[in-house]
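Q: So you can see what is in the structure, the chains are spelled out below.
There are 2 protein chains.
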Amino acid sequence: MERYGKITEEIYKELLSVTGPGGVIMNDAEVLDNYAWDQAGRIWGHMPEAVVKPADTAQVSAVMKIASREHIPVTPRGAGSGLNGGAVPLAGGVVLSLERMNRILEIDKVNRVAVVEPGVVTNDLCRAAAEEGFLYAGYPMSTETSFIGGNFATNAGGGKVIRYGNTRRHILGAEIVLPSGEIINLGGRFRKDTWGYNLLNLLAGSEGTLAVVTRLIVNLEPKPGRTVNLLACYPTVEELVESVAKVIGSGKRIISCEFMDKNLVKYTTEYLGCTLPEQERSEGYLLIQVEGDTEAQIEDGYETVGKICLGCGAFEVFVAESRTDSAAMWNVRQNGLEGMRARDPHACASGDLMVPLSAVPEMIRRIREISAEWKIEIGIISHIGDGNIHPIPLKPAEMPPERWAQHAEDFFAVLIREAIALGGVGSGEHGVGHVKQKVLMENKSPAELEVMQGIKRAFDPYNIMNPGKMFSPLA
Amino acid sequence: MERYGKITEEIYKELLSVTGPGGVIMNDAEVLDNYAWDQAGRIWGHMPEAVVKPADTAQVSAVMKIASREHIPVTPRGAGSGLNGGAVPLAGGVVLSLERMNRILEIDKVNRVAVVEPGVVTNDLCRAAAEEGFLYAGYPMSTETSFIGGNFATNAGGGKVIRYGNTRRHILGAEIVLPSGEIINLGGRFRKDTWGYNLLNLLAGSEGTLAVVTRLIVNLEPKPGRTVNLLACYPTVEELVESVAKVIGSGKRIISCEFMDKNLVKYTTEYLGCTLPEQERSEGYLLIQVEGDTEAQIEDGYETVGKICLGCGAFEVFVAESRTDSAAMWNVRQNGLEGMRARDPHACASGDLMVPLSAVPEMIRRIREISAEWKIEIGIISHIGDGNIHPIPLKPAEMPPERWAQHAEDFFAVLIREAIALGGVGSGEHGVGHVKQKVLMENKSPAELEVMQGIKRAFDPYNIMNPGKMFSPLA
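Residue numbers (UniProt numbering), protein chains in the order written: chain E, 1 to 475; chain C, 1 to 475.
Honestly, the hints are just simulated from the structure, not real lab data.
Check the hints yourself; a few may be wrong.
Which copy is meant is left open, because identical chains are indistinguishable; a pair holds if it fits in one copy or across any two.
Unchecked claim - Within a straight-line C-alpha distance of at most 30 Å, the following computed DSS-like cross-link-like pairs (lysine-lysine) qualify:
{"no.": "1", "residue 1": "Lys246", "residue 2": "Lys223"}
{"no.": "2", "residue 1": "Lys223", "residue 2": "Lys307"}
{"no.": "3", "residue 1": "Lys444", "residue 2": "Lys109"}
{"no.": "4", "residue 1": "Lys246", "residue 2": "Lys109"}
Nothing here was measured: the structure is a model prediction, and the numbers come from that model.
Next comes chain E alone, as it looks inside the complex (with noise of 0.2 Å):
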């Protein structure tokens, strides 16, 4: 790592005469180590020599000028939600984390867009659009405490992918700033451009390698229509399974599809203090939102829905009857990472398998044989009705947690080669940070290594931002 340059007690006065007062944490190992990790888990940690806290693009500019005439490591970092280590100073430096860049600066009513900083909890944003009658489709499993630069990062995934897709498709400008701290505008307020090669779509889930983002269009949908939660409870994964390709076909408005095992729904409902419908005999269950404009779509929805599940063995399917009784399915269903946590604080959250509808199954049964076989206990979550699979391990009770972050990404590996071979990629959603960043580079063909670090050297010849993630090397 002698390659990068450190931040001397000149470049702190620098970079602290571009803040201001409180913009530059140094020498408070208390502090610095809030930015150390994210939620893969303090395990895949790695502390950084000072966190910068800009509270406008000129400083994300003139930070990145100093950052890149020294050659000092620079890590973008939102709410710290990731679940792959995206947001982990690897090579020490800078943590630039955009937490002060929290404006919603716009709700564009003609346009149907939002204009917004960065730093943005997505359920903010939601909630925006929502008093002016729109809808931010967005919907990752933290949206209460996930920025809207990190869905963009990521290109998170979530609860409504089926229906709107993920962040990429929300997300129709952006202001960057490049490493060298030139500003750069992407796209705007509208919803086609092919004028020039589209680093829009590009940047998205490129987890802070390429550029700072410091502004976002976001795309805003009409109010959607009435919208019903079913659940519905399998005496086998096998059963369940088979329903889903069926109901994704139904041609009915499918909003989400959502997996939960029975070990997942069994912690997590311990740890929630409640619990779900015949909870004993449930092998799993299928959480189903059917969206309709009228009572009579809507009936039709959840009738059609129902019987596909109990046709396929669902012993039961209820329908959500009330607001509360939805708020308590989707509670269990986005605390599920939670739930396994209380149970082990080394539960491993990076598992985000992608494949075909048609292969779900048998990536199921593959991943719980090879579960078996190396004798680790998991619960699986899954936007099943998108093929994305998580499955969550414990951490073998006599493992040392050491052991355990080098043993969990061999246990990824292991499935991410499966789901390849099934005609998926290791992640939907979750993006790859550094937990997957070896069995990434392992899996693709020299020829498109070469093709990704050479963009990667576009936008980053001197790889200081976010070193050691993706496609750039760590030094």
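Chain C: place on chain E using the hints.
A: Showing chain C alone in chain E's frame:
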């Protein structure tokens, strides 16, 4: 152009040994001329040295290896229906025609995708999807001639973008051949992918300057509800334009919202030998398609939209009562360019301004003013609900065609600067090609150009892919 290699007798034989008899055309000016220009018009054409027609991916790869070794320029070509000279071989060399790779390989009902070769005609894909109960949602106005590969290369838009997005959104995976001949697979039969930088989204709209597409995995939508078409006639363009944001913001399921001005309708109906209602007194028409699941929804849709139009000053709104009615309306819209060209074969189709919906009235006003100042007769056709406007200028009668090529480019350059000043860009769906390359380069910052050119180098270090387009110099 000395930098590039020439196709010697030996290389010709080598290419022929790759494709087999009939796969390489050289020294036949009459045939080569068919591949020298696209729908931008003959005056923007340039002759290739040879046309190569590979039959499969292995042949494409072998051809690219030869071209790479010999530094021979390669310009991939679909149907040649592009409107900006994107498929014109500016540096000579090889036109790589994908016309023989025209098979629909599979309709995969469970994963709701089609797997196709790039030379499939868009409409053939639409029909094959419909036969299986699906919708291919791309709808470029050239649907009966354009290839799906060309749709991807230009990120084609068209008449249903408001509802379904442009081609990028419909493409889930691709097999591509790099300039080096290496084959890469991107994406797959799924709808989420954060497994590395998203090359698939970058390639959409890259106009054959980065790689050759040899296979596409295409998203299929469930069959849509019923639709109805409305034609609203306005005494002034100002009143028409006022309606648009209100129609789009109505919350009804608007599939299309298209504008045709008086001039365009006049020449197009003359060309087709038909009339539209109220043609004498209408300065412009809105053609609006509304979707609904039930008769009541449809009625509610067209009544709401109709009232908006009348409230803004339309003196008449016609609801198509039959498929014949609908076809008559859309026939004029689809033949707008042909109508203008029947009036003047040099009518220039490259205008593709993109502005926020809120800026549409001002943009239309400026187009009309500037055309008047330049004494250029225009027709305007527009996916106005997207903020995407196609002014089609006619060559002044006394101007020689050679001069018109430059004059039209200059005219568009002025309009594009206006669009950019209004928060827009210079192309929404037709792309840049070479007709607009100069103005593109002039209107991007040096920092952005550097990134764009770095991306080009990452794919194509010898600049053999479609030189002279987008950000690649002509050597």
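Q: Are any of the numbered hints broken by this structure? If so, which, sorted upward?
A: none
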